[in-house]
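> Residue strings, one per chain:
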Amino acid sequence: MSMLEIRDASKVYRTGTFGGELKLVLRRVSFNIDRGEVVSLIGQSGSGKSTLGKIILRLSPLSAGSVNFEGTDISTWAKGQLRDYYRHVQGVFQDPFSSYNPLYKADRVFEMVRSVYFPNLHGRQWHDKIESALESVALNPGDVLNKFPHQLSGGQQQRLLIARALLLEVKLLVADEIISMLDASTRVDVLNLLVDLKRKGLGILFITHDLSLGNYISDKSVILREGAIVEMGETQKVFGNPQHSYTQSLLTAVPQLHRRWAGAGESVPAGVPAAVAVNGSGGALGQAHVANVPVDDDVFRDGEARRYSKSSLYPPRSSGPHEPAHDAKRAGSGPGPRPSLMDIPDQPWQRRFGLAAPKLGAILAADGTQALVECEPGHFVAVEDEL
Amino acid sequence: MSLKVDNLRIAYRTLRGDVRAVDGVSFSIADGEIMGLAGESGCGKSTLGNSLVFLEGRMNHVSGTVELDGVNLPIADYKAMNRHRLRDVSVVPQYAMSALNPTRKIGRMTADLVKSRGADYRNVLEEFKRRIDLVGLPQNVLNMYPFELSGGMRQRTTMVISTLLNPSLLIGDEVTSALDVTTQRAVGEMLMEFRDRGFVKSMIVITHDLSVLAQIADTILVMYAGKLAEKASSNTIVDRPLHPYTQLLLGSLPEVGLRYDEAPLTGIPGRPPSLLNPPTGCRFRDRCPFAFDKCAEEPPFVELRPGHEVACWKAMEDNAPVNSEPASQGAEP
Amino acid sequence: MSVNTGPPSTPEDFAGGTSPGPTGSPVLARSVGAGGAELAAMAPSAGADGFGGGRRWEFLHFALRNPKLMIGLCVELIFVAVALFGPLLAPYSPTYHGTPGLHPSAQHLFGTTYPFGTDVFSQVLYGVRDSYVVGVLGALFAGAVGLVVGFAAGYRGGVLDEILQLFTNVMICIPQLVLLIVISAYLTTRGVLFEGIFIGVTGWPWVARAVRAQTFTLRERDFVDLARLSGRRAVSIVVKDIAPNMASYIFLVFVLLFASSMLVAVNFDFLGLGPTNGLSLGDIMNQSTLWSALDLHMWWWFIPPGAALTLMVLALYIANVGLDEVFNPKLRQT
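Protein chains in written order, with our numbering: chain A, 1 to 387; chain B, 1 to 333; chain C, 1 to 334.
Simulated from the structure, these hints should not be mistaken for lab results.
A quick note: this is a predicted structure, and the numbers were derived from the prediction, not measured.
Where a beta carbon is used, it is the ideal one built from N, C-alpha and C, also for glycine.
Any given hint might turn out to be false.
If you want the ones that stay clear, here's a sample from chain A, every Cβ over 10 Å from chain B, calculated [as the list claims (entries may be wrong)]:
(1) R7
(2) L103
(3) N120
(4) L121
(5) L145
(6) L191
(7) F239
(8) L372
20 Å max Cα-Cα, derived PhoX-like pairs, lysine-lysine [said to hold, decoys possible]:
(9) A:K54 x A:K79
(10) C:K240 x A:K105
(11) B:K129 x B:K105
(12) A:K129 x A:K105
(13) C:K240 x A:K147
(14) B:K115 x B:K129
Construct all of the structure, not just a fragment, from the sequences and the given hints.
What follows is the structure, given as structure tokens:
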């Protein structure tokens with residue numbers, strides 16, 4: 001049993017006037033994180049990676065599926081029970097400055113933790129604890145204590161937040177794009193720190209859009225696209241031998257120092273056919289340069305999640321939506337089933353006038369998200385369809 | 001026809017004094033050249049790039065001249081610069097997809113913009129339509145409001161509008177920074193395409209991302225703490241940098257295929273100096289592993305190899321300047 | 001109105017070493033433009049000590065130099081002094097009966113009334129105090145209710161938000177005047193306290209709406225998420241994290257409430273629905289109308305109280321505009 005198991009996590013948002021449209025942001029995402037393992041969750045904007053991070057941190061509710069921490073499904077826990085959860089699972093976010101309340105000093109973040117989790121620790125003991133946490137993140141206490149957030153650099157701010165997490169007995173750290181707003185020269189230090197912590201047993205969910213970062217530090221990588229996993233597995237296998245066309249197109253689009261886009265042969269990942277067109281020789285605008293690799297025809301398309309309206313899914317009048325096999329999986333999912341969109345039956349009059357929202361189960365069934373196939377040990381790919 | 005910047009100094013007024021954001025910068029760009037302006041936050045690259053188009057209220061032009069195509073650009077004079085904006089100098093801002101007025105239709109907005117620059121919209125309309133077609137947008141974009149288009153389409157539209165009057169100089173301020181990897185590539189290639197087709201003569205691409213510059217720029221200018229550190233062709237910068245800052249910066253960039261276990265990267269310790277009271281001498285001195293006594297004196301920005309300019313005493317020690325006194329600067333290692 | 005909506009973007013505030021924004025959708029609310037971030041990184045230690053330290057000095061510095069604020073404040077303080085000390089300095093008691101209908105003169109600066117001959121100047125001095133009392137009471141109550149409702153609706157969202165919004169909208173629709181008339185019919189006497197509370201209890205909806213909107217924005221900030229991750233409770237988060245970031249806005253709200261409460265009170269008093277005891281500026285004007293001061297050309301009876309009230313409220317509004325400029329760096333004309 002892994003430390004964190006995510007099973008069929010799905011999330012819907014209501015949009016449109018009167019909430020008639022449903023926006024599917026996460027589609028049956030499943031993967032695990034073990035102790036001392038860094039898992040990269042890689043995706044472009046709109047892929048749902050940050051949403052998943054917030055769901056794991058219980059800052060956002062899950063619509064369907066489960067998040068199991070050490071065997072228990074925490075997605076149904078009430079707010080009161082979360083205090084214990086937060087002892088083991090913490091998060092650091094993208095904008096270091098925004099994580100601090102600008103009116104208070106930076107080390108207030110420590111004080112917030114103390115008042116809830118260590119109410120009996122005072123003075124010297126607490127100070128020692130802080131100092132040892134700061135040392136583990138390579139910060140000099142004299143440099144960062146008693147200062148306001150804007151007096152610290154971005155790198156110091158992020159490390160302070162990691163130190164805060166280390167004050168608790170944290171087992172899993174959700175790092176949501178924590179270095180994307182830092183300078184290139186400070187990014188590496190924070191990255192190296194994460195690897196250091198990993199070696200001491202901390203599990204890390206490293207959410208990023210930058211493939212080279214994911215490649216640098218993670219053991220496993222999960223590539224997310226529009227809320228669904230397209231490829232996942234051991235990092236070296238996923239990056240070295242990408243099977244899904246989306247992964248391949250991402251890899252060829254990453255700007256590298258020593259390789260041109262549409263790299264002419266050298267250091268092109270295996271499996272991607274060598275492509276044409278060197279720099280500046282005038283290619284089709286708006287199209288990725290790589291020949292023979294199927295790419296989305298509109299490279300500029302926003303990562304918009306699938307949208308469903310009731311008219312498209314919900315057959316008026318005749319049979320209601322059939323409950324998919326998905327339901328059967330949920331049937332045995334532990335005590336206290338949470339009422340979800342799938343459980344609440346529609347009133348006949350709602351169906352008559354088409355007022356009921358499409359069921360989540362129906363949406364997922366119609367969604368056509370493919371299951372993952374193991375193409376080699378430790379390397380899973382989604383079967384490609386006409387996405 | 002080119003850009004020539006001579007000893008430009010720009011400062012920000014603050015309550016505590018003047019922040020010398022751009023402190024004596026001189027360089028030139030030839031026709032058809034895409035120059036990347038690289039550096040980390042606080043180095044002054046954004047200030048430099050933006051000052052060539054629009055000097056914000058807080059920015060103060062202290063001294064120096066800017067010459068575009070032989071004509072002096074009056075960057076300190078807002079009204080006088082109006083004649084040049086969009087026609088001679090243009091800018092593609094960061095978040096270009098949000099740069100369009102949401103309450104005007106795109107065609108109307110462009111017409112107003114073009115008219116305000118003294119050009120006739122009817123003459124330009126044909127070309128506008130052609131370029132819209134070129135970037136892969138449908139013709140009825142002109143009749144749409146910005147919110148009817150997707151982010152990528154807005155990005156392309158903004159770039160077309162910015163270059164509509166064929167400016168000599170286009171400044172891209174962190175154009176690729178907020179984008180997904182695939183969009184970033186498409187934008188980068190579009191910039192090159194514009195240059196290839198002659199829509200713009202030369203370009204300054206401002207970014208902190210050296211890997212993107214390695215793809216699209218012909219030359220790269222690295223700035224540090226308001227001053228120029230190094231300028232050379234992009235291949236040279238990437239393969240044979242001379243300035244320690246450039247070397248360390250390149251050494252801290254992760255690449256696909258590199259893993260921590262095999263090759264751990266190191267960053268640059270310390271922080272850039274405050275520009276309110278910049279230190280004397282070389283500004284990188286505190287963080288430089290090669291610093292020695294001579295660095296207490298500010299190094300000049302000289303050409304050490306053909307087409308390769310550096311401001312560093314150590315680099316000068318190792319390579320005699322191209323056309324100047326012999327290398328015996330009296331430096332002790 | 002200004003709220004700390006994001007990282008600093010003025011040269012005076014600094015955060016170190018942040019480079020331009022995230023990928024994907026532009027984070028407009030945060031507006032870490034390249035210029036702002038560069039600027040911020042350029043002088044990392046030169047900035048003031050944030051709100052807690054030098055930022056307050058920065059506000060004070062600009063406050064002292066803002067003409068609108070200074071003039072408004074001075075005029076208001078004059079009236080506050082009048083409210084505090086006026087009755088002591090009044091040459092006559094407000095109920096003194098003397099020669100009616102006298103023009104303003106050295107003995108009666110604002111003349112006397114008709115037919116009782118009370119000194120208008122003295123009445124005005126007493127009236128300023130009464131008006132202020134009602135203003136303060138009204139502001140306090142309206143502010144308190146509005147803040148609580150606004151924070152609760154804005155932070156929680158969901159069903160509570162819907163209910164509170166419904167309540168707010170209903171309160172907006174109930175006309176204050178009609179309600180006051182109805183309630184007055186059942187009361188034998190009305191005091192200043194009653195009037196103040198009534199105005200407060202019916203004047204909060206706009207506060208709740210505005211506070212709710214600001215809370216929505218602030219709720220999305222990362223430091224609120226961090227507080228939740230630290231196991232803090234909702235009330236504690238609102239009071240310690242969200243409210244202080246709106247402090248300048250809340251201050252402005254109270255200033256506006258103060259001014260508008262006084263105006264509303266004048267409306268009621270003028271119609272005779274004011275306190276049955278006491279004498280406010282509105283009451284003076286009410287009496288002047290009842291005794292046909294206009295027809296009798298006794299302009300000195302109603303113009304001084306009207307002018308006093310106008311000045312009191314106007315000074316507050318102008319000071320308000322000045323305060324907004326002080327708090328919001330972008331509005332300053334440096």
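> Against which earlier hints does the structure fall short, listed by number upward?
When the structure is compared with the hints, numbers 6, 7 turn out to be violated.
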